[in-house]
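Top to bottom, those sequences are chains H and C.
Heads up: the first sequence is residues 102 to 221, going by our numbering.
Heads up: the second sequence is residues 3 to 486, going by our numbering.
Any given hint could be a false lead.
[To be verified] 25 Å max Cα-Cα, derived BS3-like pairs, lysine-lysine:
(1) H/K142 - C/K25
(2) C/K25 - H/K195
(3) H/K142 - C/K83
(4) H/K195 - C/K335
(5) C/K57 - H/K183
(6) H/K195 - C/K48
(7) C/K7 - H/K210
(8) H/K168 - C/K483
(9) H/K168 - C/K320
(10) H/K168 - C/K335
(11) H/K203 - H/K183
(12) C/K85 - C/K7
(13) H/K142 - C/K85
(14) C/K94 - H/K195
(15) C/K94 - C/K25
(16) H/K168 - C/K83
(17) H/K203 - C/K187
(18) C/K7 - H/K203
(19) C/K187 - H/K142
(20) C/K135 - C/K378
(21) C/K135 - H/K183
(22) H/K142 - C/K48
(23) H/K195 - C/K483
(24) C/K57 - H/K168
(25) H/K185 - C/K57
(26) C/K53 - H/K185
(27) H/K142 - C/K53
[Unchecked claim] Pairwise CB distance ranges (calculated):
(28) C/S419 - H/K185: 42 to 48 Å
(29) H/E202 - C/D382: 52 to 58 Å
(30) C/I51 - H/E133: 53 to 59 Å
(31) C/L75 - H/D158: 19 to 25 Å
(32) C/S140 - H/I207: 53 to 59 Å
Hint data in this document are derived by calculation from the structure and do not stem from the laboratory.
Just so you know, even glycine gets a beta-carbon here, dropped at the ideal spot from N, CA and C.
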Amino acid sequence: MKKGIYLFVAGMVWLSFLALSIPTMAEAVTLEVLNPRGEIKPPPTFAPTPRVADLADKRIGIYWNGKSGGNNFWDVTEELLKEKFPTATILRYKGPFDLGEKTAGIVAKEGDVFIYGVGD
Amino acid sequence: MRLEKLGKPGVFVVTDNFGHDAKSAADDNGMPTIRIVTVPAQEYYKHRITKEEVKPIAVDTIRLLIEALTHPLTAQEANPKPKQMKISQNVKVTAESYDLAVEKFNQSFLDNHWGDGLPLVPPTPKRVQWMLKGTNRSPQEVIGAVAPKNGVATIEKIAINAVMAGAKPEYLPVIIAAMEGLTDKNFDLLHVATSSGSFTLLIMVNGPIAKEIHMNSGIGFLGHGWRANNTIGRAVRLNLINLGYLWPAENDMALIGRPSSHTFYTFAENEENSPWDPYHVSLGFKKENSCVTVSTIGSYEGGMTVYGGGAVAAWSPKSILDNIIKDISGDRKMFALFKRGVANPTAHPRKHIVMLHPECAIELQRLGYTRESLQKYFYDRTSVPYEELTPEEARGLQERIETSIMGGSIMADILPSDRIPVFKEGLKPGGKVPVVVSPGDIPIFVAGGIPGYAFGVSYIKAPYAPTSHQTKLIRGATLTKAGR
């Protein structure tokens, strides 16, 4: 019986050594790197202008940047708007992608609402 | 957005493939809830050719347009939240081994759109410090803002991206100078970075630093195999991705990608075999200075025109000059095509970069040409006598002059004020109208080996800023004799 206990204890000691000598898991590696992204200074935020209730009697501006085929799309859009709102006036404008401050002033003065279509 | 700010309700219309780009631009410019209506790109582009074909798309869209103009703004639209952005300084990646951590880092950076698709060098604090040893400039120094989202470019951020590109510290001052050129307020970075036209960049290094860092200017100068050429260009690319927040099909809309998009066309002028002073000296810099020139150039379509040279076909200086003149003369199309705002590349004045291989430059020098006299020669030989102008060309030119005086249209169309008198004089009997705005719009570089090719790359006058061509002095170098 005593011999059995000695054998058991010896076995446990041996197993403990064995457990310690076998790596249970590879040690984790942490790679610390610097963030390559640049800070962005947030711009002031603006809300769009409140909408109109109806397009009847309104002056609707259509602004297009002249890219090929856009004229066909906007010609049809103009016809459809005239059908739906016979009393509305459609104003057509053509200019660069960014219409610029000067043209924006003119367009804003002449129209009540606008559609800004740059063709792509 | 300008019209909304002037109190007019509107709707922005784009194809659905550009919807993300439009929303992103709205966010960047402070009106995140602007109303956008998209039309299906798959249908629109192929059917826009006639009214009849495009009508079904307009019919499907009209209801959306009306609603966008008449449906009241929601509470969220009327009270957009200010943009908040917090950038962490450090990023940690943990894995079971170093190799796996590097792999995880690469995948994570690419997933975040912080990489370029090729493996990256991890920008550890230690590695970035190593990179910063290449310059004596403060890591916190701000170089500028990078379009389109205007991320701030500091020396440290440029160094981080240079590490990721695999650059060496002695290249850093060159990369910084290139970024100074691209973020200069006069340089139109927005167009080259984002346009669907797939334009790309040329990055040329001049001065003694090029040799010190072993840049290639001979055979294969636009190709692979040269660490300085390739990683300087790649560092610029990564800086544009991470500081400009660029990503393909989101806000970089190059439809077929950009030629040499990972490294751009980065090379050194072949000063050793050039018969003339280096390009930067022609701009007023000292010969012992080192400089970087950044310049937007065309894409696959009309991007590169070979004028002659090579190891196969015979050539002469005359045949090459004739081909250059023929190429530049094609710009005459823009005379008649002037219409305000029309998006037609041939309607705008152009810049022509003429790349001469050393043999050709040497022969031209023997014939008595200098870089400056050659520019003037091309400018004069391509100018069109008043008597040869068609009525339509004369009308277009007159309209361009008048619009330029009034300050209208886009920058790509208008003439600089100091060149308007030249065009006015050209429009008189006995006068000649230039097809390039000034001789300076035909920069001449000497590059390539022996044998080599003479070729040209060109680009329209920049649409959103005054120039597409900048040369910056390299300074602050600590590891090279040049560029200090």
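Comparing the hints with the structure gives:
no.: 1; hint: H/K142 - C/K25; result: 18 Å, holds
no.: 2; hint: C/K25 - H/K195; result: 23 Å, holds
no.: 3; hint: H/K142 - C/K83; result: 15 Å, holds
no.: 4; hint: H/K195 - C/K335; result: 21 Å, holds
no.: 5; hint: C/K57 - H/K183; result: 15 Å, holds
no.: 6; hint: H/K195 - C/K48; result: 22 Å, holds
no.: 7; hint: C/K7 - H/K210; result: 13 Å, holds
no.: 8; hint: H/K168 - C/K483; result: 51 Å, violated
no.: 9; hint: H/K168 - C/K320; result: 39 Å, violated
no.: 10; hint: H/K168 - C/K335; result: 18 Å, holds
no.: 11; hint: H/K203 - H/K183; result: 28 Å, violated
no.: 12; hint: C/K85 - C/K7; result: 18 Å, holds
no.: 13; hint: H/K142 - C/K85; result: 9 Å, holds
no.: 14; hint: C/K94 - H/K195; result: 51 Å, violated
no.: 15; hint: C/K94 - C/K25; result: 31 Å, violated
no.: 16; hint: H/K168 - C/K83; result: 34 Å, violated
no.: 17; hint: H/K203 - C/K187; result: 21 Å, holds
no.: 18; hint: C/K7 - H/K203; result: 13 Å, holds
no.: 19; hint: C/K187 - H/K142; result: 17 Å, holds
no.: 20; hint: C/K135 - C/K378; result: 43 Å, violated
no.: 21; hint: C/K135 - H/K183; result: 68 Å, violated
no.: 22; hint: H/K142 - C/K48; result: 40 Å, violated
no.: 23; hint: H/K195 - C/K483; result: 55 Å, violated
no.: 24; hint: C/K57 - H/K168; result: 17 Å, holds
no.: 25; hint: H/K185 - C/K57; result: 15 Å, holds
no.: 26; hint: C/K53 - H/K185; result: 18 Å, holds
no.: 27; hint: H/K142 - C/K53; result: 44 Å, violated
no.: 28; hint: C/S419 - H/K185: 42 to 48 Å; result: 47 Å, holds
no.: 29; hint: H/E202 - C/D382: 52 to 58 Å; result: 38 Å, violated
no.: 30; hint: C/I51 - H/E133: 53 to 59 Å; result: 56 Å, holds
no.: 31; hint: C/L75 - H/D158: 19 to 25 Å; result: 21 Å, holds
no.: 32; hint: C/S140 - H/I207: 53 to 59 Å; result: 47 Å, violated
The structure fails to meet hints 8, 9, 11, 14, 15, 16, 20, 21, 22, 23, 27, 29 and 32 from the earlier list, while all remaining hints are met.
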